[in-house]
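Note that the protein sequences, when read in sequence, are chains U and H.
Per our numbering, the very first residue in the first sequence carries number 1; after that it's consecutive.
Per our numbering, the very first residue in the second sequence carries number 1; after that it's consecutive.
Treat the hints with caution; some may be incorrect.
Only pairs whose alpha carbons sit at most 25 Å apart, straight line, appear in this in silico BS3-like list of lysine-lysine [claimed, not checked]:
#, chain 1, residue 1, chain 2, residue 2
1, H, 127, U, 371
2, H, 57, U, 312
3, U, 196, H, 397
4, H, 577, H, 301
5, H, 734, H, 790
6, U, 196, H, 54
7, H, 38, H, 54
8, H, 790, H, 746
9, U, 312, H, 54
10, U, 208, H, 15
11, H, 71, H, 84
12, H, 577, U, 190
13, U, 333, H, 127
14, U, 333, U, 281
15, H, 301, H, 275
16, H, 397, U, 189
17, H, 219, H, 38
18, H, 397, U, 208
19, U, 196, H, 71
20, U, 196, H, 790
21, H, 84, U, 196
22, U, 196, H, 57
23, H, 15, U, 196
24, U, 208, U, 234
25, U, 53, U, 234
26, U, 190, H, 397
27, U, 52, U, 75
28, H, 24, U, 196
29, H, 734, H, 744
30, H, 38, H, 24
31, H, 15, U, 75
32, H, 38, U, 189
33, U, 196, H, 37
Label-pair distances were calculated between CB atoms; the ranges are [what the hints assert, rightly or not]:
#, chain 1, residue 1, chain 2, residue 2, range
34, H, 718, U, 17, 53 to 63 Å
35, H, 27, U, 381, 44 to 54 Å
36, U, 311, H, 158, 53 to 63 Å
37, U, 13, H, 158, 30 to 40 Å
38, U, 371, H, 134, 31 to 41 Å
39, U, 166, H, 99, 53 to 63 Å
40, H, 399, U, 46, 38 to 48 Å
No lab work stands behind these hints: they were computed from the structure.
Ideal placement from N, C-alpha and C gives every residue a C-beta, glycine not left out.
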Amino acid sequence: MTQFTQTLLAGVDSSDAENWQLKNYARRSGYSAIRKILSNKISPDSVIEEVKKSALRGRGGAGFPTGLKWSFMPKQYEGDKYIVCNSDEGEPGTFKDRDIMRHNPHILIEGMIIAAYAMGVKVGYNYIHGEIWDTYERMEEAVEEARAAGYLGNNILGSNFSFNLYNHHGYGAYICGEETALLESIEGKKGQPRFKPPFPANYGLYGKPTTINNTETFASVPWIILNGGEQYLKLGKPNNGGTKLFSVSGHVNKPGNYEIPMGTPFATLLEMAGGMRGGKKLKACIPGGSSMPVLPGEIMMQTDMDYDSIAKAGSMLGSGAVIIMDETTCMVKALERLSYFYFEESCGQCTPCREGTGWLYRIVNRIEHGKGLMEDLDLLDNIADNIQGRTICALGDAAAMPVRAMIQHFRNEFIYHIEHKKCMV
Amino acid sequence: MINIEIDGQQVSVPKGGTVMDGAKELGIYIPHFCYHKKLSIAANCRMCLVQVEKAPKPLPACATPVMEGMKVFTRSDQAITAQKGVMEFLLINHPLDCPICDQGGECQLQDLAVGYGAGQSRYTEAKRVVVNKNFGPLISTDMTRCIHCTRCVRFGQEIAGIMELGMAGRGEHAEILSFVGNSVDSELSGNMIDLCPVGALVSKPFRYSARTWELSRRKSISPHCGLGSNLVVQVKHNRVMRVLPRENEAINECWLSDKDRFSYEGLNSEDRLTKPMIKRDSQWQECDWQDALEFAVHGIKTVKEKYGAGKIGALTSPHSTIEELYLLQKLIRALGSENIDHRLRQSDFRLDSQLQGIPWLGTSIAAISELKSVLIVGSTLRKDHPLIAQRIRQAVKRGLQLNIVNPIGDDLLTDVTNEVIVAPNALVTTMAEILKAVTVIKNLQVADELKEVISAVKVTDIAHKIATSLLQENPAAIYLGNMAQHHPDYTDILVLVQHIAEAAEAQFGMLGEAANSLGAYLAGAVPGQVESAGLNAAQMLGNDLKRTSAPCQGYILMNMEPEYDSHNSQQALKVLKDAEFVISMSSYKGTASTYADVILPIAPFTETSGTYINTEGRVQSFNGVVSPLGETRPAWKVLRVLGNLLEFNGFDYEASEQVRAEIIPEEKDINGRLNNKLKSFVISVTDQSNTNLQRIGEVPIYQSDPIVRRAESLQVTSDAATPRAWMCSALLDKLNISAGDKVKVKQDQGEARLYAACDDRLPPDCVRVVSAHSDTIALGAMFGEILVEKL
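I would like the entire structure built from these sequences, with the hints used as guidance.
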């Protein structure tokens with residue numbers, strides 16, 4: 001079995017019920033990154049510079065360079081600024097942030113402290129998905145530990161830097177993972193995305209400058225500070241720094257989270273996950289969470305797991321949720337499930353998504369149940385076209401992309417369904 | 001300014017402006033639903049997607065900020081494809097049954113579907129159905145038609161100041177709702193009907209009564225509050241079917257209050273008079289105009305011969321036109337009397353001898369939007385002047401400091417900087433405290449006539465804050481509301497306000513109660529002051545009990561229902577019943593038969609030409625929009641004929657314009673005549689040792705004039721709820737009454753039985769019992785002592 005350097009789960013023993021605790025995190029050189037910053041008086045700008053060097057890209061799905069995002073926060077702004085951790089992990093297939101918070105919560109807290117220091121922020125929120133209550137409770141305990149140990153609160157470690165962190169749990173709406181809907185939700189409003197511009201860096205939580213990062217992104221920061229941005233970059237490949245957690249699910253022998261360097265071949269990841277269940281053939285893979293385009297197995301086997309490689313192959317790395325489908329999978333049924341999800345989770349604010357997701361689902365549902373028409377395929381494609389790029393947030397794209405990719409790569413299966421009113425597989 | 005290009009045309013847009021702003025500037029129409037110039041940007045309908053050079057995808061014109069050199073294409077393939085795509089999505093779940101939809105013919109979706117919709121739908125699934133809601137008596141719903149543009153929601157939040165509607169649910173289940181079971185109660189709610197681009201929210205009173213293309217659209221002016229909102233009155237078969245706003249940024253913007261919008265129902269009331277009536281030998285009988293007018297003339301002549309011209313009085317509503325008011329005063333003066341007044345609810349007339357001009361707003365209405373500090377004294381602002389309240393609400397968002405001195409603490413649905421809620425008899429003291437604070441801060445000498453009152457008060461903390469606000473924030477203004485104008489110490493309040501305003505270099509004025517509160521002065525519908533002092537409204541109605549001489553024996557009433565329109569309804573009724581001869585010129589039967597001797601049916605504002613001069617001095621003339629009902633005649637014509645029959649000179653008008661020309665030869669002249677300042681007036685220190693309960697008796701929003709009192713739908717809104725005796729909990733406890741108990745409320749000789757209710761925002765020892773309502777007209781004056789007993 002290949003062994004890689006770990007940055008997020010290094011030294012974490014998930015079988016040990018107490019391994020998550022602060023004392024054990026400290027034993028894994030936890031909180032030494034923030035100690036290093038404060039005792040060496042490393043300037044906030046230098047911290048951002050280090051993160052830029054690491055080529056760390058947002059782990060929530062969009063892959064935006066983290067250091068660059070941090071540098072957007074207005075420096076001279078008088079008044080409150082916020083950082084927000086997006087732990088509203090709702091993308092089907094994704095379960096990495098949950099494990100970071102469950103097994104290594106302090107690395108997230110330390111990452112947020114460093115981010116707050118770098119951006120001159122005094123208050124942060126960690127918005128946790130509403131359907132993982134035990135994880136929320138775990139985070140509450142961890143934050144309490146950090147507060148008691150002086151890592152959170154006023155004058156952290158005797159410095160004049162103060163930072164408070166609050167956990168906030170949602171109620172399970174997928175749309176609240178969209179960063180501006182998440183902000184609305186923290187504010188106590190209905191979770192609906194805001195129109196951008198203005199972007200959160202200028203008008204975020206409570207109208208104040210705000211930076212929102214994914215759990216995994218924040219959790220990557222302590223290692224970067226301790227070991228240097230260049231070291232982190234070297235772990236991966238140029239423009240795709242570091243390691244990443246991949247949530248492998250579906251028809252594999254050992255589904256789970258695997259931390260591997262960026263640029264690791266998909267084949268290696270599949271092997272780490274124990275290979276295909278029952279030795280069956282890999283038919284298709286969604287490499288980045290359910291909203292990303294599906295890729296046929298043969299293309300996937302030629303692809304490396306990093307932002308640029310997967311983009312080149314025709315999909316996106318997204319949140320790193322690798323959904324494996326073997327040859328027994330009916331792609332029509334799979335698309336029906338996906339389309340239902342996006343239909344159900346559309347917030348209803350803007351027209352194309354509110355009306356279009358239901359239309360997509362109903363057509364796929366009809367095809368699956370043997371009532372499809374041949375012209376439905378072009379209709380699906382056209383509806384998806386009319387949704388994609390026309391909505392306030394990316395949920396419209398998320399609903400449209402799987403449809404277009406499924407029809408593009410597995411058109412024959414859809415035709416078979418329409419002609420024979422039953423599955424090909 | 002930022003320069004951009006739209007469809008090949010250059011345009012400059014202010015920084016922060018949007019592509020939509022640029023397109024409007026160029027006159028390029030970009031289809032849209034959720035966008036509205038007065039509301040925040042939602043960008044949710046996506047209909048205004050346009051192509052922007054270098055942007056990878058189409059962008060919404062309404063929400064895309066302009067950037068230097070931006071090139072926009074509103075009709076390119078990409079733009080049109082996006083717009084058509086959105087239109088298809090909007091239509092898939094929208095019923096395509098325009099022929100049975102009340103919005104048909106004036107529906108934005110229907111209109112745009114012609115341009116962007118397909119001839120046939122590609123959607124073959126079942127359509128969504130949404131359960132209708134009950135939003136109250138004014139707004140009818142057809143929620144399946146809703147396209148979720150959220151204009152109604154944003155209107156509530158941003159313009160009306162209260163979020164009564166919201167979008168609940170997700171995705172296809174998203175729907176517009178009120179809070180569980182609530183109706184929409186805002187006094188501006190009707191605007192949501194205008195804003196709704198589809199047939200989801202339509203007018204309940206108008207629903208299914210006419211098609212838009214059957215209606216004639218005629219310009220008019222609202223006859224209610226002093227704002228003079230501009231109207232489009234829609235008419236079918238000589239009947240007013242509906243009223244909509246006519247945009248005038250300087251007055252009502254694009255809005256109307258519900259009172260302006262829905263009171264037209266009163267025009268078609270069954271209570272309308274259609275024939276003249278006379279009382280002969282104690283029997284009422286319908287007659288023709290000739291008989292009625294001769295009867296009237298004979299009666300008036302008899303009174304004059306018997307008691308002298310000084311015993312004839314004329315009382316008119318300030319909702320009459322200036323032409324009517326002018327001819328009435330001309331008639332009464334030709335008879336030899338100076339007894340005429342339009343200030344029926346005013347109780348303090350001491351200022352009359354001090355007036356230097358016509359009381360008015362003191363600023364333009366539009367100037368309210370530019371104020372940085374305002375003090376409003378004695379006003380149920382949201383109910384008396386809904387659109388001025390709205391203007392202030394918007395100004396507060398831009399930094400206006402709103403200061404209130406009021407006997408009631410009703411929510412203005414906006415941020416209030418400083419607020420003093422005091423009993424009516426403490427209003428003068430409070431204003432004196434503010435004046436003292438102003439003089440202390442500015443180190444000014446107090447005018448002699450104010451020394452006594454100023455030395456009697458201490459500067460309270462809140463008075464200091466209000467004074468500071470007025471002094472530091474410029475421009476500032478002080479406005480007196482209806483309650484201040486009806487107040488028994490109106491003159492004292494006005495004098496104090498005048499001095500505060502002078503010291504603070506602020507404007508001051510009155511929020512005109514009625515459409516012609518200002519115009520009536522200009523038309524001369526006030527008693528003579530100089531040579532032969534005439535009787536004012538209070539004197540004519542016997543409110544001035546100290547007077548030894550009896551009020552008049554002959555009365556001419558115009559547009560007036562004494563039990564609703566006077567300061568002391570019981571007193572007014574009693575006086576009129578005791579009088580020997582009463583002519584009532586009215587559009588409605590009402591109860592005139594109990595006190596009048598001849599009833600002349602006159603035209604409401606929709607059936608006559610005329611002029612209103614609004615509270616800022618703007619002259620607005622209008623034509624009749626329908627012909628008079630039955631044998632109804634415009635009042636100016638009736639007065640002209642009365643003048644002729646009485647053989648007076650100068651009553652030979654052929655058109656109302658001739659009358660107007662006599663009143664205002666040149667419209668410019670008006671401004672020079674407007675002046676709120678009093679010459680000099682010594683304020684006496686009011687005795688506050690009186691601990692008896694006091695009445696706060698404001699006029700409810702939908703009881704203010706004869707038309708609105710007969711508007712059926714408005715009369716079932718929550719604003720027209722049965723009056724209750726409101727008291728703070730301390731007073732309830734003191735009287736051993738619980739909220740909900742039935743109580744007996746007594747004033748003078750009259751009493752009313754009402755339910756007690758609790759409002760802890762009321763000052764102690766005050767009972768809020770509205771006036772001008774059938775349940776309370778048995779009571780006396782709008783302010784003054786009142787008794788409450790548990791039943």
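To see whether the hints hold, each was checked on the structure:
no.: 1; hint: 127/H x 371/U; result: 18 Å, holds
no.: 2; hint: 57/H x 312/U; result: 21 Å, holds
no.: 3; hint: 196/U x 397/H; result: 23 Å, holds
no.: 4; hint: 577/H x 301/H; result: 19 Å, holds
no.: 5; hint: 734/H x 790/H; result: 11 Å, holds
no.: 6; hint: 196/U x 54/H; result: 17 Å, holds
no.: 7; hint: 38/H x 54/H; result: 30 Å, violated
no.: 8; hint: 790/H x 746/H; result: 11 Å, holds
no.: 9; hint: 312/U x 54/H; result: 22 Å, holds
no.: 10; hint: 208/U x 15/H; result: 21 Å, holds
no.: 11; hint: 71/H x 84/H; result: 21 Å, holds
no.: 12; hint: 577/H x 190/U; result: 62 Å, violated
no.: 13; hint: 333/U x 127/H; result: 24 Å, holds
no.: 14; hint: 333/U x 281/U; result: 18 Å, holds
no.: 15; hint: 301/H x 275/H; result: 23 Å, holds
no.: 16; hint: 397/H x 189/U; result: 21 Å, holds
no.: 17; hint: 219/H x 38/H; result: 23 Å, holds
no.: 18; hint: 397/H x 208/U; result: 18 Å, holds
no.: 19; hint: 196/U x 71/H; result: 19 Å, holds
no.: 20; hint: 196/U x 790/H; result: 61 Å, violated
no.: 21; hint: 84/H x 196/U; result: 23 Å, holds
no.: 22; hint: 196/U x 57/H; result: 14 Å, holds
no.: 23; hint: 15/H x 196/U; result: 17 Å, holds
no.: 24; hint: 208/U x 234/U; result: 36 Å, violated
no.: 25; hint: 53/U x 234/U; result: 10 Å, holds
no.: 26; hint: 190/U x 397/H; result: 23 Å, holds
no.: 27; hint: 52/U x 75/U; result: 17 Å, holds
no.: 28; hint: 24/H x 196/U; result: 22 Å, holds
no.: 29; hint: 734/H x 744/H; result: 16 Å, holds
no.: 30; hint: 38/H x 24/H; result: 14 Å, holds
no.: 31; hint: 15/H x 75/U; result: 23 Å, holds
no.: 32; hint: 38/H x 189/U; result: 23 Å, holds
no.: 33; hint: 196/U x 37/H; result: 19 Å, holds
no.: 34; hint: 718/H x 17/U: 53 to 63 Å; result: 59 Å, holds
no.: 35; hint: 27/H x 381/U: 44 to 54 Å; result: 37 Å, violated
no.: 36; hint: 311/U x 158/H: 53 to 63 Å; result: 42 Å, violated
no.: 37; hint: 13/U x 158/H: 30 to 40 Å; result: 55 Å, violated
no.: 38; hint: 371/U x 134/H: 31 to 41 Å; result: 39 Å, holds
no.: 39; hint: 166/U x 99/H: 53 to 63 Å; result: 56 Å, holds
no.: 40; hint: 399/H x 46/U: 38 to 48 Å; result: 41 Å, holds
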